[in-house]
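Q: Residue-level listing of the chains:
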Amino acid sequence: MTGTVTAIDTGFLQSRRRRRRRAPSAVVAAAFVIVALVVLCAIGGHWLAPYPAGKQDLVATLQGPSGAHLLGTDDLGRDVFSRIIVGAASALTGPLVISLGAMVIGTLLGLLAGYRGGIVETVIMRWVDLMYAVPQLLIAIVVVGVLDGSYWEAVLVLVVLTAPGDTRIMRGATIAQRSLPYVEALRVLGVPGPRILLRHIWPTLMPLTVAQTFLNFATSLVSLASLSFLGLGVAPGAADWGRMLAEGRELIATNPWTAVAPGIAIALTAASMNIVGDWLHERLTSGSNR
Amino acid sequence: MRFHAVSVFLLRRLVELVVLVLLVSFLVFTLEYLAPGSIIDALLGTAEKSPQLVATMRHEYHLDQPFIVQYALWLKGAVQLDFGRSVMLNVPVIQAIASRMQVTLVLGFFGFLIAVVAGLALGIVAALKKGTGVDRGTVGLTVLGVSAPTFATGLILLWAFAILLGWFPVIGEGDPNLSDRLWHLTLPAVALGISGTALMTKMTRAALIQALGQDAIGFARSRGVGSFRILFVYGLRNSMVPILTAAGIVIASTLTGSVLIEETFSLHGIGTLLISSIQNKDIPVVQGATVLIAVFVIVVNTLVDVAYLLVDPRTRGKGITA
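Top to bottom, those sequences are chains S and L.
Quick note on the working numbering: the first sequence kicks off at 1 and runs consecutively.
Quick note on the working numbering: the second sequence kicks off at 1 and runs consecutively.
Simulated from the structure, these hints should not be mistaken for lab results.
Take the hints with a grain of salt, since some may be wrong.
Here are the in silico distance ranges between beta carbons for each label pair [unchecked claim]: (1) 70(S) - 229(L): 30 to 40 Å; (2) 68(S) - 279(L): 47 to 57 Å; (3) 48(S) - 137(L): 31 to 41 Å.
From chain L, some residues computed to sit far from chain S (all C-beta separations above 12 Å) [claimed, not checked]: (4) 27; (5) 79; (6) 82; (7) 100; (8) 105; (9) 113; (10) 121; (11) 136; (12) 152; (13) 179; (14) 182; (15) 256; (16) 263; (17) 294.
Yeah, the Cβ is synthetic: ideal placement off N, Cα and C, and Gly gets one too.
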């Protein structure tokens with residue numbers, strides 16, 4: 001285990017073969033910085049933003065970028081830069097709940113299906129197959145739209161659609177662990193099944209779960225933004241990136257930043273989350289497998 | 001024996017396909033019950049509701065029947081592509097969908113083509129130049145392409161190429177003739193193709209690197225087999241399974257993505273029809289469009305599974321898992 005990183009090769013994350021394990025590449029570092037910034041905005045956005053997100057200034061509508069308004073103003077004279085900062089909150093909370101919810105459900109069902117097998121596994125995995133076979137975003141759009149769903153109902157629907165991915169991964173990993181000597185030994189010692197699962201198998205699979213949660217976070221950020229771009233979930237006028245993008249679409253000829261800025265915000269945040277997730281996945285799983 | 005395994009597999013896939021379609025159709029049918037307000041209210045609007053009128057309409061829409069009978073009746077219609085009448089447009093649902101079909105099909109096909117051609121090319125280049133700056137740059141763009149939502153890239157393209165540079169039209173799908181339509185649909189298709197391209201690149205690159213790393217390739221090289229033959233005959237052929245998987249995912253995501261892209265570029269396709277029907281609670285159209293798209297995706301998934309048999313003889317022998 002002396003610095004031999006033999007993870008799956010995904011190119012730039014592992015910039016040099018001889019690279020020491022500790023130092024992430026510049027891209028990964030940048031991704032971490034972006035994630036940290038977005039989290040900071042999500043927590044303290046209201047204090048950081050130069051203007052209140054909903055403050056209208058009907059004299060200064062649709063201005064281009066200037067010293068007073070870094071990204072200009074929208075059709076109601078609201079400061080775009082401030083709305084981006086404040087919008088980080090709704091961009092992060094939903095995906096956070098979705099990825100954590102999917103993690104909990106997926107872990108429980110995956111462990112159960114992988115360890116117990118039989119009818120339990122069949123039922124769980126058929127449900128997973130069903131969720132995999134249908135176009136997920138389409139289902140989310142239709143269900144949330146027809147129900148007139150709120151933001152949290154959209155979050156709930158996405159939890160149900162995201163959990164199967166976690167379930168599948170956890171099941172596969174559990175099956176791989178089940179036949180290992182330490183599990184056999186525990187079983188011989190008479191340790192009850194649930195205890196083996198939660199105290200012994202689950203901790204070994206933890207790294208996998210964490211990495212997957214980051215990747216889910218990125219996906220659900222984009223899914224939620226897609227829903228709010230279509231006018232589903234988030235209330236009109238809210239400082240939400242997807243919503244701002246939809247409203248900015250009409251204003252793109254006068255102040256393009258009303259649409260381009262939230263677009264870049266979504267893309268950068270999701271990309272950073274993906275990079276962090278990939279990096280964690282390589283780092284955490286390469287050690288535990290050998 | 002081998003023939004037997006293949007036919008059992010095909011039969012199982014077919015049964016699964018039918019079960020899935022039935023399940024999805026049932027879910028879609030229940031939408032009508034989940035939706036706030038009744039279809040009668042939607043149909044009558046603000047008109048006066050006499051008890052007789054409501055009773056006749058309930059009968060006409062089979063609302064006086066038990067739930068399961070209603071589903072059976074609806075399914076019977078749906079199999080014949082009869083999803084009822086659109087409340088909003090007052091035409092048969094299938095007619096409303098058919099009139100929007102062309103834009104979505106052209107857009108989807110165009111986007112898929114971009115994804116496959118560009119994705120394969122980039123993936124091959126990155127795999128051959130593994131470890132170089134070209135490779136790392138491609139992979140970096142891939143991460144961004146996979147992460148960025150189609151509507152965001154769409155809007156940025158719209159701003160850059162249609163407004164700043166003025167090379168392409170800003171909105172609409174153009175006249176029905178092919179050249180004008182292609183010109184109008186180029187930007188949307190590129191936007192739609194970007195995430196697919198990224199996925200194809202990622203999978204092609206990874207699969208090809210693995211395939212080219214095999215001992216057999218090393219031997220072939222040392223025996224002087226041409227690099228062209230190594231890449232296309234041995235390398236790519238051995239990477240077909242992951243590439244096919246990616247292509248299947250790209251088709252499905254292109255269809256869903258086209259809902260968002262049509263909305264971004266104000267195109268009159270099935271996507272915008274679906275969204276406006278959702279907003280107006282035009283449930284029959286929502287049901288029809290959703291069932292058609294979902295069935296299409298399910299059929300594509302099944303075809304991809306069957307295609308594995310064609311490209312990889314190893315999958316034919318053993319008992320294939322679903």
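Q: Work down the list of hints and note, for each, if the structure agrees.
A: Hints versus structure:
| no. | hint | result |
| --- | --- | --- |
| 1 | 70(S) - 229(L): 30 to 40 Å | 56 Å, violated |
| 2 | 68(S) - 279(L): 47 to 57 Å | 37 Å, violated |
| 3 | 48(S) - 137(L): 31 to 41 Å | 33 Å, holds |
| 4 | 27 | 8 Å, violated |
| 5 | 79 | 19 Å, holds |
| 6 | 82 | 20 Å, holds |
| 7 | 100 | 16 Å, holds |
| 8 | 105 | 16 Å, holds |
| 9 | 113 | 20 Å, holds |
| 10 | 121 | 17 Å, holds |
| 11 | 136 | 4 Å, violated |
| 12 | 152 | 3 Å, violated |
| 13 | 179 | 26 Å, holds |
| 14 | 182 | 23 Å, holds |
| 15 | 256 | 5 Å, violated |
| 16 | 263 | 6 Å, violated |
| 17 | 294 | 6 Å, violated |
Hints 1, 2, 4, 11, 12, 15, 16 and 17 from the earlier list are contradicted by this structure; the remaining hints agree with it.
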